[in-house]
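Enquirer: For reference, the chains in residue letters:
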Amino acid sequence: KQEVTQIPAALSVPEGENLVLNCSFTDSAIYNLQWFRQDPGKGLTSLLLIQSSQREQTSGRLNASLDKSSGRSTLYIAASQPGDSATYLCAVWRGSQGNLIFGKGTKLSVKP
Amino acid sequence: GEEVAQTPKHLVRGEGQKAKLYCAPIKGHSYVFWYQQVLKNEFKFLISFQNENVFDETGMPKERFSAKCLPNSPCSLEIQATKLEDSAVYFCASSLEQGPSYEQYFGPGTRLTVT
Chain U
350 KQEVTQIPAA LSVPEGENLV LNCSFTDSAI YNLQWFRQDP GKGLTSLLLI QSSQREQTSG
410 RLNASLDKSS GRSTLYIAAS QPGDSATYLC AVWRGSQGNL IFGKGTKLSV KP
Chain G
6 GEEVAQTPKH LVRGEGQKAK LYCAPIKGHS YVFWYQQVLK NEFKFLISFQ NENVFDETGM
66 PKERFSAKCL PNSPCSLEIQ ATKLEDSAVY FCASSLEQGP SYEQYFGPGT RLTVT
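Chains U and G are the protein sequences, given in the same order.
Its first residue numbered 350, the first sequence is counted upward by one per residue in the numbering used here.
Its first residue numbered 6, the second sequence is counted upward by one per residue in the numbering used here.
Since the hints were derived computationally from the structure, they do not count as laboratory data.
Be careful, since some hints might not be right.
[Said to hold, decoys possible] Cross-link-like lysine-lysine pairs, in silico, BS3-like; alpha carbons within 30 Å at most: (1) U:Lys350 x G:Lys73; (2) G:Lys23 x U:Lys391; (3) U:Lys391 x G:Lys67; (4) G:Lys67 x U:Lys453; (5) G:Lys67 x U:Lys350; (6) G:Lys32 x G:Lys88; (7) G:Lys14 x G:Lys67; (8) U:Lys350 x G:Lys88; (9) U:Lys456 x G:Lys88; (10) G:Lys88 x G:Lys73; (11) G:Lys23 x U:Lys453; (12) U:Lys456 x G:Lys14; (13) U:Lys391 x G:Lys14; (14) U:Lys453 x G:Lys14; (15) G:Lys73 x G:Lys23; (16) U:Lys391 x G:Lys49; (17) U:Lys453 x G:Lys25; (18) G:Lys14 x G:Lys73; (19) G:Lys73 x U:Lys460; (20) G:Lys14 x G:Lys32; (21) U:Lys391 x G:Lys32; (22) G:Lys45 x U:Lys453; (23) G:Lys45 x G:Lys23; (24) G:Lys45 x U:Lys456; (25) U:Lys456 x G:Lys23; (26) G:Lys25 x G:Lys67; (27) G:Lys45 x U:Lys350; (28) G:Lys25 x G:Lys14; (29) U:Lys460 x U:Lys350; (30) U:Lys391 x G:Lys73; (31) U:Lys453 x G:Lys88; (32) G:Lys25 x U:Lys391; (33) U:Lys391 x G:Lys45; (34) U:Lys417 x G:Lys45; (35) G:Lys73 x U:Lys456; (36) G:Lys32 x U:Lys350; (37) G:Lys49 x U:Lys453; (38) U:Lys417 x G:Lys49; (39) G:Lys45 x U:Lys460.
Just chain U, same shape as in the assembly (with noise of 0.2 Å):
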């Protein structure tokens, strides 16, 4: 069964610092893998979408990466800003049905 796991819970920087979250899964075979971010209250803003077949993907001051024999994926967050306080949430594509199976989030706080 595909579990994955995200650490750590949450997380407080100062602004402008570099941060990475991190994010694992239990089973290498999945076919991609999903970043997103949720604001309370709010729905779910994809932010990157890295297929089984890469390695990494970049979006302005993110960049996701994937290692698929480790079960590892990172998001890397440049020069980081109050507005990117918001919980970060990672999943994978389950097999052939398309469900995503979710990690319980980091939840980023971004100190002026």
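We have chain U; now place chain G onto it with these hints.
Expert: Frame of chain U; chain G shown alone:
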């Protein structure tokens, strides 16, 4: 539309009452997914549709939960005889097609509170 729409935003029901949630996927998207988010950010997949056909219902509690996606109507998720444990945020997502290349786009969710 360009966004997944969900109604209502909040829903309060007494235990034992029925609850019905609605989702309008992004126009042109063939797949709809329902997820339940309970405390501690725990997401649980419920059911998915390919157009009006059930694609995967392995996550659905069979006894009280049902869902439909009918042509030219919003998709719906219905809970008969709600229980306290059904209190959660229910998210709908849609994707253009089914496959690992296709992102799932999420709606804002419906917060169900069962009292």
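Enquirer: For every hint, state whether the structure bears it out.
Expert: Against the structure, the hints come out as follows:
With a CA separation close to 28 Å, the supplied pair Lys350 of chain U and Lys73 of chain G stays within the 30 Å bound. Distance restraint check for Lys23 of chain G and Lys391 of chain U: the Cα-Cα separation of roughly 24 Å lies within the 30 Å cut-off, and the hinted pair is therefore satisfied. A distance of roughly 28 Å separates the Cα atoms of Lys391 of chain U and Lys67 of chain G; the hinted pair therefore holds under the 30 Å criterion. Distance check on the hinted pair: Lys67 of chain G and Lys453 of chain U sit about 25 Å apart at the alpha-carbon level, within 30 Å; holds.
Among the hinted pairs, Lys67 of chain G with Lys350 of chain U is consistent with the structure: their alpha-carbon atoms are about 21 Å apart, no more than 30 Å. For a cut-off of 30 Å, the pair hint linking Lys32 of chain G to Lys88 of chain G is broken: about 33 Å separates their Cα positions. Taking the CA atoms of Lys14 of chain G and Lys67 of chain G, the gap is about 25 Å. The hint holds against a cut of 30 Å. With a CA separation close to 28 Å, the supplied pair Lys350 of chain U and Lys88 of chain G stays within the 30 Å bound.
A threshold of 30 Å between alpha carbons decides the hint, and for Lys456 of chain U with Lys88 of chain G the separation of about 29 Å falls inside it, so the pair holds. Distance check on the hinted pair: Lys88 of chain G and Lys73 of chain G sit about 21 Å apart at the alpha-carbon level, within 30 Å; holds. For the proposed pair Lys23 of chain G and Lys453 of chain U, the alpha carbon gap of about 29 Å is at most 30 Å, so the pair holds. The straight-line distance between the Cα atoms of Lys456 of chain U and Lys14 of chain G is roughly 23 Å, inside the 30 Å bound, and the hint therefore holds.
At most 30 Å may separate the alpha-carbon atoms for a hinted pair to count; Lys391 of chain U and Lys14 of chain G meet this at roughly 10 Å. Under the criterion of a C-alpha separation no larger than 30 Å, the hint pairing Lys453 of chain U with Lys14 of chain G is consistent with the structure, at around 23 Å. Note on Lys73 of chain G and Lys23 of chain G: the hinted pairing holds, with a Cα-Cα distance of about 15 Å set against a maximum of 30 Å. With a C-alpha separation of about 17 Å, the suggested pair Lys391 of chain U and Lys49 of chain G falls inside the 30 Å cut-off, and the hint holds.
Annotation: proposed proximity of Lys453 of chain U to Lys25 of chain G holds, straight-line Cα distance about 26 Å (limit 30 Å). Note on Lys14 of chain G and Lys73 of chain G: the hinted pairing holds, with a Cα-Cα distance of about 19 Å set against a maximum of 30 Å. Straight-line distance between C-alpha atoms of Lys73 of chain G and Lys460 of chain U comes to about 44 Å, which puts the hinted pair past the 30 Å bound. Taking the CA atoms of Lys14 of chain G and Lys32 of chain G, the gap is about 20 Å. The hint holds against a cut of 30 Å.
Proposed proximity of Lys391 of chain U and Lys32 of chain G is supported: the alpha carbons are some 21 Å apart, at most 30 Å. Distance check on the hinted pair: Lys45 of chain G and Lys453 of chain U sit about 7 Å apart at the alpha-carbon level, within 30 Å; holds. Taken as a hint, the Lys45 of chain G and Lys23 of chain G pair is honoured in the structure, with Cα atoms around 25 Å apart against an allowance of 30 Å. In summary, the hint linking Lys45 of chain G to Lys456 of chain U is supported, as the alpha carbons are separated by about 11 Å, within the 30 Å threshold.
Distance check on the hinted pair: Lys456 of chain U and Lys23 of chain G sit about 33 Å apart at the alpha-carbon level, beyond 30 Å; violated. For a cut-off of 30 Å, the pair hint linking Lys25 of chain G to Lys67 of chain G stands: about 16 Å separates their Cα positions. Our distance criterion of 30 Å between C-alpha atoms is met by Lys45 of chain G and Lys350 of chain U, whose separation comes to about 20 Å. Our distance criterion of 30 Å between C-alpha atoms is met by Lys25 of chain G and Lys14 of chain G, whose separation comes to about 12 Å.
Only pairs whose Cα atoms come within 30 Å are accepted, and Lys460 of chain U paired with Lys350 of chain U is rejected, the gap being roughly 38 Å. Proposed proximity of Lys391 of chain U and Lys73 of chain G is supported: the alpha carbons are some 24 Å apart, at most 30 Å. A C-alpha spacing of about 24 Å is found between Lys453 of chain U and Lys88 of chain G, which places the hinted pair at or below 30 Å, so the restraint holds. Taken as a hint, the Lys25 of chain G and Lys391 of chain U pair is honoured in the structure, with Cα atoms around 20 Å apart against an allowance of 30 Å.
Between Lys391 of chain U and Lys45 of chain G the alpha-carbon distance is near 15 Å, which keeps this suggested pair within the 30 Å criterion. A distance of roughly 26 Å separates the Cα atoms of Lys417 of chain U and Lys45 of chain G; the hinted pair therefore holds under the 30 Å criterion. Restraint check for Lys73 of chain G and Lys456 of chain U: not satisfied, since their Cα atoms lie roughly 34 Å apart, outside the 30 Å limit. A distance of roughly 34 Å separates the Cα atoms of Lys32 of chain G and Lys350 of chain U; the hinted pair therefore is violated under the 30 Å criterion.
A hinted pair counts as satisfied when its Cα atoms are at most 30 Å apart, and Lys49 of chain G with Lys453 of chain U qualifies at roughly 11 Å. With a CA separation close to 23 Å, the supplied pair Lys417 of chain U and Lys49 of chain G stays within the 30 Å bound. For the given pair, Lys45 of chain G sits about 23 Å from Lys460 of chain U by alpha-carbon distance, which is consistent with the 30 Å threshold.
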